[in-house]
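Colleague: Sequence:
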Amino acid sequence: WRPIYPPSHRNFNEQTYSFILVSARLETNAWTAILIDSPDITGITLDTTTNHFHIFNVY
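Take the sequence shown: its letter number 41 is residue 41 in UniProt numbering, and every next letter is one higher.
No false leads were mixed into what you were given.
DEER-style ranges, computed between Cβ atoms:
#1 Tyr17 - Thr50: 30 to 36 Å
#2 Phe56 - Glu14: 15 to 21 Å
#3 Asn57 - Phe12: 18 to 24 Å
#4 Glu14 - Thr50: 34 to 40 Å
#5 Phe12 - Leu35: 16 to 22 Å
#6 Asn11 - Thr49: 35 to 41 Å
Think of the hints as simulated: they come from the structure by calculation, not from any bench.
Note that the structure is a prediction, hence the values are computed from the model and not measured.
Using N, Cα and C, we set each Cβ at its ideal position, and we do this for glycine too.
Model the full structure from these sequences, guided by the hints.
Modeller: And the structure:
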């Protein structure tokens with residue numbers, strides 16, 4: 001698994017409440033992290049040959 005954290009994860013003033021685990025079986029060029037400036041929301045875009053799927057984890 002690959003953990004995906006919000007960009008503010010390393011900001012020591014805010015606690016991170018959201019993250020997404022992406023399977024290591026997926027190639028890294030098959031998904032992209034969505035940069036959301038909130039410790040409570042994490043997002044990724046999965047790219048397939050026919051569609052783009054946006055997946056969000058909201059705390």
